[in-house]
Amino acid sequence: MVMGNLRQEAEVAVIGAGPGGYVAALRAADLGKEVVLIEERDKLGGVCLIEGCIPSKALITAVELVESARNAEKFGIRFGEASFDLAALRQWTQSVIDGLTGGIDGLLKRRGVEVIRGRARFANNQSLLIEGSDVSAVDFRHCIIATGSRINELPAAYNLPVWSSAEALTLPEIPKRLLVVGGGYIGLEMGLVYAGLGAKVTMVEFFPKLLMGADQDLVDVMLRSCNHRFEAVRTESKVIGVEKTAHGFAATIEHNGQKTKEEFDHVLVAIGRKPNTDDLGLDHTKISPDEKGIIEVSAEGRTVEPHIYAIGDVTPGPQLAHKASREGKVVAEVLAGEPSAFDNRAIPAVVFTDPEIAWTGLTEQEAKREGVKVDVGKFPLTALGRARTMGRTDGLVKVLADPQTKRVLGVGMVGPHASELIAEGTLALEMGATLEDLMVTIHPHPTISEAIMEAAEVAAGAAIHVAAPKK
Amino acid sequence: MYEFRLPDLGEGIHEGEILRWHVAPGDVVSEDDPLVAVETDKAAVTIPSPRAGRIVSLGAAVGDRVGVGDVITLIDAAGAHAPPARTDKAASAERTATPSRTEAEAIRRLPAAVWGRAVATPATRRRAREMKIDINQVPPTGADGRVTPDDLTRFARGNGGTQRPGQADRPAAAASPAAGTGIPFLDIEELPDFEQWGPVEREPLRSIRRKVARKMTTSMILVPHVAHMDEADVTFLEEFRLRERENRKDQPGGRLTLLAFVVKAVSAGLRAAPSFNASLDPFREEIVYKKYYHVGIAVDTGKGLVVPVIRNADHKTILEIAQDIESLATRARAGTLDVADLRGGTFTITNVGPLGGTALIPTINYPEVAILGMGRVQEKPVVRNGQIVIRKMLPLTLAFDHRIADGADAARFVTEMARQLEDPTRLLLVA
Chain A
1 MVMGNLRQEA
11 EVAVIGAGPG
21 GYVAALRAAD
31 LGKEVVLIEE
41 RDKLGGVCLI
51 EGCIPSKALI
61 TAVELVESAR
71 NAEKFGIRFG
81 EASFDLAALR
91 QWTQSVIDGL
101 TGGIDGLLKR
111 RGVEVIRGRA
121 RFANNQSLLI
131 EGSDVSAVDF
141 RHCIIATGSR
151 INELPAAYNL
161 PVWSSAEALT
171 LPEIPKRLLV
181 VGGGYIGLEM
191 GLVYAGLGAK
201 VTMVEFFPKL
211 LMGADQDLVD
221 VMLRSCNHRF
231 EAVRTESKVI
241 GVEKTAHGFA
251 ATIEHNGQKT
261 KEEFDHVLVA
271 IGRKPNTDDL
281 GLDHTKISPD
291 EKGIIEVSAE
301 GRTVEPHIYA
311 IGDVTPGPQL
321 AHKASREGKV
331 VAEVLAGEPS
341 AFDNRAIPAV
351 VFTDPEIAWT
361 GLTEQEAKRE
371 GVKVDVGKFP
381 LTALGRARTM
391 GRTDGLVKVL
401 ADPQTKRVLG
411 VGMVGPHASE
421 LIAEGTLALE
431 MGATLEDLMV
441 TIHPHPTISE
451 AIMEAAEVAA
461 GAAIHVAAPK
471 K
Chain B
472 MYEFRLPDLG
482 EGIHEGEILR
492 WHVAPGDVVS
502 EDDPLVAVET
512 DKAAVTIPSP
522 RAGRIVSLGA
532 AVGDRVGVGD
542 VITLIDAAGA
552 HAPPARTDKA
562 ASAERTATPS
572 RTEAEAIRRL
582 PAAVWGRAVA
592 TPATRRRARE
602 MKIDINQVPP
612 TGADGRVTPD
622 DLTRFARGNG
632 GTQRPGQADR
642 PAAAASPAAG
652 TGIPFLDIEE
662 LPDFEQWGPV
672 EREPLRSIRR
682 KVARKMTTSM
692 ILVPHVAHMD
702 EADVTFLEEF
712 RLRERENRKD
722 QPGGRLTLLA
732 FVVKAVSAGL
742 RAAPSFNASL
752 DPFREEIVYK
762 KYYHVGIAVD
772 TGKGLVVPVI
782 RNADHKTILE
792 IAQDIESLAT
802 RARAGTLDVA
812 DLRGGTFTIT
822 NVGPLGGTAL
832 IPTINYPEVA
842 ILGMGRVQEK
852 PVVRNGQIVI
862 RKMLPLTLAF
872 DHRIADGADA
882 ARFVTEMARQ
892 LEDPTRLLLV
902 A
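Respectively, the protein sequence lines represent chains A and B. Residue 1 is where the first sequence starts when you use our numbering, and the numbers rise one by one after that. Residue 472 is where the second sequence starts when you use our numbering, and the numbers rise one by one after that.
Looking at chain B on its own, in the form it has when it is part of the complex (with noise of 0.2 Å):
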């Protein structure tokens, strides 16, 4: 019998929730057939058999969410080619009993320490459960690895574990999600119970949408933002760009679209003003300089928004970048991105534009400094040289992390920014 556990999915990710299972108990699989589609806090992804064999069991139910090293599956490498043959009793008792069955004969075969479970005294174990938290997937803090009550508490704070608004026996000083921010006139309060007012229907927070929740608290609360706005007369581009896309249809990067130059235009910049392209790490009292430029843009897949990264997106070229784009967004809302996708970018571009809207403040994707926002292109009249003529004008936001750069050098970075985008020939001699 192969017990197949969830494997390691990426640095830093511990947990995924299954999404759908491609298998059912009974089936015969074969070695890389897909298993299970699993979304972790980055990306949906599906994990495919490691071996061939028949399916006894399943470990987790759709919406369970299981650790990196759970038993999700059993697969019986012997009976591969064996027809499914078991009574329903035995199925249905294997059904029910399985995920914790297998805790069980662990627990009996040998003490926790050499199993690899949390290292916690029983009451710290008990405080865990009654707070609904899996222990094993709570950082420790204390000494020589221990999971101590404080560590729940954090967890519950930036996890929120699994508890959910409303439920009856939640320990209310624990799982407030105000505890212990220490931050004066914080004051999160209950929420009131809004069927009162009429019929209200729960779902709880799962992955993607609990991560941007986090992510989100995390840069507004910890980053002083500040947002640099300025329009680009992006006439000229759009001539160029659209019957470039038109002579290109159907080639590599022939979706030719306004974000790839600006991604691009974007690259260029962060070059000549490295303090965009930098992290402030606040615990050591430094500022880093990141050497590369990899350039995120914020993709809405449908479930929440994933932020795919162009790599070293000042060495391609306009057409690269379009080919990349057009990749990184089709696979972003097949949910088939790789976690590899979603790491290192050093500035994210959110490009709003083609939903509508003339402004918008974005939200800083710490621990990046800056993000630029792009509205819609309309066309407007504009005065140029004492007349007025119709321009197509592109509005851009930079918000920016004010402890590392200040409105001067967001106003000289977007000027030169939008100097390019208004004179395509410029992006020539920038590359």
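Isolated chain A, as found in the complex (with noise of 0.2 Å):
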């Protein structure tokens, strides 16, 4: 264990340069606090920018290409078998990340915040000890908690060599058959991106559903169309056990009661994360997190120290960049005095499958766990020009509204485009805006953002666009 010797103040120490704490950090900087970013990985950016969010949507996108050139031959266009460059690939994503990283760097430099490498425990609610730093101790009179969180292990796997996502974003090889454990957005996700690369990807999850949070609708227009890719999916089924073999992994899948062993080439786990709380030296605080690790925070991100922050992933919630950036920017100016809060009424959701399928505020599931009525205005594609035109008619867009005041709760897409044009559905929540509003704003022809427009009206018992319903 490297321990510097220096000590060090200072007004604002940001844990973790994930899109919370580097955001947080700027933000802090830009109202004149003099902020201090402790960061344990040597790149900054967190799992977000280096193992997360972004290298798989830069897979996802090449992808993706091979699908629409696959799909192109119903336009008459043929290009023949694609071929992967691996090495080329993996250096096209790292070059996406270094761009990234190195634009967080200048921009803490441009505004004066020190970035200190090491791994950051609290000694005391006022004080962090620094490991593997020049610097062992900084004294703080404020912190902010963004260390985000951490892929969960899967315990039948324990200790062998299988991939997390982490991993697997690496691309270290194609197996030829590979195990996805988990039917998240994760497990999804990168089950895609290696079933696009070649291998024959077979899908374990052990709910009864895939993508737990979203709408059955959403998830079954999405399956209809990406199902043929994957060699299996496995619902209400459970990895039991896994064992290294000569050629890669045997894993025991419980289904029924039913036990089947099956060779696979690699293992992929993902099975959610867990928060980076519990060796953060917490216990040198009042800070108690829950038993999942969560830290409670107010609405201005505080914990019980009211001078400590948290936010994004150790935070309750959804453990989305979106969120923690968002949070980043409450408590910096919270605690610059500023008069802010997390009020948001909506964090939207993407998932970048083909098609994506994306939801912000409430959804039916939610609606009708909670008791809360509502209108629900459903739109397909088939009945929209734009999605005629792109071949890409397997979508639906749905807007939920109180049937009283006809104001949006919730609004649900999978389609073509579906993580960008859930941006409008989350304007519409924070502005509190009803189906009226939704149906008189001109949206362009011939766009998929029409059928946010049309599933209003169908909402509003006002649609041009499908047959009128039954009286």
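Hints are computed from structural coordinates only; laboratory data are not their basis. A virtual CB, placed ideally from N, CA and C, is assigned to each residue, including glycine.
Computed list of lysine-lysine pairs in DSBU-like fashion (alpha-carbon distance at most 35 Å, straight line):
#: 1; chain 1: A; residue 1: Lys329; chain 2: A; residue 2: Lys57
#: 2; chain 1: A; residue 1: Lys33; chain 2: B; residue 2: Lys603
#: 3; chain 1: A; residue 1: Lys176; chain 2: A; residue 2: Lys200
#: 4; chain 1: A; residue 1: Lys261; chain 2: A; residue 2: Lys209
#: 5; chain 1: A; residue 1: Lys329; chain 2: B; residue 2: Lys603
#: 6; chain 1: B; residue 1: Lys774; chain 2: B; residue 2: Lys682
#: 7; chain 1: A; residue 1: Lys406; chain 2: B; residue 2: Lys603
#: 8; chain 1: A; residue 1: Lys274; chain 2: A; residue 2: Lys57
#: 9; chain 1: A; residue 1: Lys109; chain 2: A; residue 2: Lys329
#: 10; chain 1: B; residue 1: Lys761; chain 2: B; residue 2: Lys682
#: 11; chain 1: A; residue 1: Lys373; chain 2: A; residue 2: Lys209
#: 12; chain 1: B; residue 1: Lys761; chain 2: B; residue 2: Lys774
#: 13; chain 1: B; residue 1: Lys603; chain 2: A; residue 2: Lys373
#: 14; chain 1: A; residue 1: Lys109; chain 2: A; residue 2: Lys286
#: 15; chain 1: A; residue 1: Lys286; chain 2: B; residue 2: Lys603
Not close to chain A: a few residues of chain B, all C-beta gaps over 10 Å, as computed:
#: 16; residue: Ile489
#: 17; residue: Ile654
#: 18; residue: Arg719
#: 19; residue: Gly806
#: 20; residue: Lys851
#: 21; residue: Thr896
Starting from two chains that each stand alone, build the complex the way the hints lay out.
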């Protein structure tokens, strides 16, 4: 263990340079604070940038290009069989990451934020001990915990060289047969990447459905389109044992009490993430995370220690980069004395499957579970001009509204560009828009965005491009 | 876990101020045990516990203002008989984090529209925080029930939000109390720094005081006041009253006050002069004549003025009125009036006489039309049939809304009332 002997003071100490931490550091610096950002990794940007959102999207773009080329046959265009130069693909992905982390580095330098490379732990509620740096300790006036989360390990594969999504994203090889454990968004995205690169992918999910948070009708549309790219999708199944074999791994999968043993060349585990709060010295403060490692915070992002804030994956709510970034801005403003609060009405979720799925605000399944009455308007992309010209009618947009006030409560979509279009739904929720607002806003023709307007019309019982509901 | 929300305390009441907690976290309460005393714009009320259980946490501190529907207590029903057992760390964590945590949780669970919070754009929500206004308390006027930036300005002006003068970060334009009234020459200057001349103490304008301030400002700015003054010779009445009071000692209504007789005389007079039992509806340009005679009496509670109402005073005997006065005044001072006791008055009487004063000009209790002020009864030399005699005189001032009534109406009203008070036997005939 490397321990320096320098002790340093900081007005604001940020632990973790992910999309929450570096944004908080930049905002706090802009508001005139003297900021120290402590990061354990060599590169800035956190999981999202180095081994999450960014590299996965780079790979998804690459494999979707191949898929589009394949689909171009119906337009009368033939490219022949695609081939992959893995080294070039790796290099390209890496260049995307390097460009972005370098950008963050520059932004921090220009703001005068000092970056300390090392691991921080609380010594008490006013100072951090730093391991691995010349600086041994940082005494802070405010601290922001932005340590993020790490991948859960599969107990059945403990200590075996199976992949996590982080390793899989570096494209070590393209296994012939790949087992993906976990049917959440990471498993689905990574499964499609490897399927696109030529692996036969078997997906195993413990729950009866994939993508637990999304409405079933959206997931169904997505699966109808890309199910064939998987070798098998097994829900209500559990990997209860993994063994290393000469060629790869043998996995024992249990379904309805039936156990089967199958051979795979590799195993990718994507069964959720847990907050990095266990090795942070929090027992030297009043902060006590719950049994899942989550730190409770107020709307201002304060923990029970009012000068220590927490943002991102260590706090309740979805573990998403854009939530962390927003929270980072909020706490920076709060500690600078501004009247800020995380009072956002909705946190959008996006899944880069093919077609993409996105939702924001209330989902239908949540409405049912919470007993909230909603009017739902659904618009299928089959009825949309632009979707037809793209040859992508596999999609659906739905809008949920309060039956009395007609206020928009949620928007869900599956289809091309859903990840982009969901922003309109989120803005509608933040602005307190009604169905009328979505209906009277002119949406450009011909685009997929028209589907949002059309779905609002369906919800309001004023649809033009679908048959009127029978009275 | 039961989330106890501040219940509806009556029409038009949206918030209250926590006066006192009767419980602390860890306490075990039974159903109907007193939980918390809350002061609203109208009265102080004690709210009982809706169920038995152990108090897990309090959602607000003494002095906090809470809105109707806010969670003010978490009660663990299962803990009804359990001993309070929690570590200090957990308890202190909960105390610090509870109020905003419930909100944060609700945000995460459901969109705002479902949850019933204010609908406003993010920029407006931020503006509200800058102005230190709880946006959930602001009446919306925007399309489809949205709170607009103008609503915030109006709210800050009408209510003061939680603005306090002298606060460094006060946004000048929006919070200036005179902003936007549009009255020429009205210029409410910033207060000077009083401390440059000596020490001062600052106290927030609390619920009743704030309500009085609002009502009186509105009344004085809105209503063209005219005051008509007279004196009633109450020599006989006082003789009669003191004798009867002696006779009726310790009986109901035995505390026979002069006010009771005046209430009777007023309610009789109002039947003959309907314009003093009316309200002017400035929006519809109509005069609303009320066919009931609920006479309010101003009571000094020590924390501000409240005006409980004697219902249907015209149908009551003087003894019944005296009983009502005694009960209302006692409860007003104890802070145990119901909101209903304070509603529906049609005319107000303020009696500062017992404290002294030869004459006063009272301010109308808007939207009523008139208020009667009673001064102190004093023995005075007066001329009767060319002779100077000593009589007990009661100074009376009727302040009225000149938009609805004229000086002649007031003169007739007060003269007739004074005649009745001069000869108690006349009061027998008016019931």
